[in-house]
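A.B. asks: Just need the whole structure built from these sequences, with the hints factored in.
Numbering (my numbering), first residue to last: 16 to 345.
Some hints here could point you the wrong way.
Computed Cβ-Cβ distance ranges for the label pairs, DEER-style [claimed, not checked]:
1. Leu276 - Ala198: 38 to 44 Å
2. Gly70 - Tyr178: 30 to 36 Å
3. Ser324 - Pro113: 42 to 48 Å
4. His196 - Pro144: 45 to 51 Å
5. Thr112 - Asp263: 31 to 37 Å
BS3-like cross-link-like pairs, simulated, lysine-lysine; straight-line CA separation at most 30 Å [claimed, not checked]:
6. Lys259 - Lys181
7. Lys232 - Lys312
8. Lys232 - Lys181
If you're looking for bench data, these hints aren't it; they were derived computationally from the structure.
Just so you know, even glycine gets a beta-carbon here, dropped at the ideal spot from N, CA and C.
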Amino acid sequence: MINPRATVKARTTVLVLAVLVLLGGSLGYVLHARQRDGGHRLVAAEASFTLDRPGLYYRDGATGRVARTPGTPDGPSCERFYAAGERALCLRALPGTPARTQAVVYDRAFTELRTVTVPGIPNRARVSPSGQVLSWTSFAVGDSYAKSGFSTRTSILDLRTGYLVKSIEEIPLTLGGTRYHAADVNYWGVNFAADDNRFYATVATGGRTHLVEGDLKAWSARTLRENVECPSLSPDGTRIAFKKRVSDDPAALWRLYVLDLADLREHPTAESRSVDDQAAWLDDDTLAYALPAREGKGADLWSVPADGSGAPGLLVPGASSPVTVPAAPR
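C.D. replies: Laid out in structure tokens, this is it:
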């Protein structure tokens, strides 16, 4: 349960140049996503489209709707999508200005259970393995003293209590063993463990990024190591896939790595291209992620072994936001 004593208030903003360095152009990617995909209308899922059929679900770039392999894109329109347990999460960019993100929570039949609207542009979405705790990140634009500034806003929703934290930036942070305070602390990319309490995320401050381990009940977070962005916890809870900054070249900023939580040792995957995505685990051995499409429009889904072996393989052309959905429990 999220500590109700936590203070939730508007996020202070990082100057645009500083955040562009930290996020390496992710803002440009999301700002142009709708133009690249043709400005799709917001539509609901077809009645026959549910999460009851196991398989790979993803966002279809041609229609902006959720699709299943094999099958047609008959799900709701989303710009970011994720599902686990009995719940699915869809992020939509609402029309008009200022930019707003609509986070929609669904059951397995894609019946809307709750809708939350927050400032900014859709960026990351995750659901805990049980489906009871959800998180999303949006880019907030022009929300502070810096007229050209923006920040990320990360929200957490606990469906067990209905408690919503619209921005987690006030969570007490311990950095390097010391309680840390700074105006530029900025979180994104939350990923949950199976206990619905522990979570991992990226925190940026002072021009650096860190992997943090958080505790919802204790309402606290502590850094584990530097240079970790967009963590993704393996199904067995032992490893984290992440993007690591390895270059100042905009075309080769990141490399997809895997971190062993037992000893904090890391290794690169066989994917040598720059991955600007929060990878998803298709199973305990395989990662999926989006890369710019080979035709220069939208994105394609790729996969690669998590242990560093093998080679990348094209999974689904014209797609993003992958998630493996198992069969419904009986």
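A.B. asks: Tell me the numbers of any earlier hints that the structure contravenes, in ascending order.
C.D. replies: 1, 4 and 7
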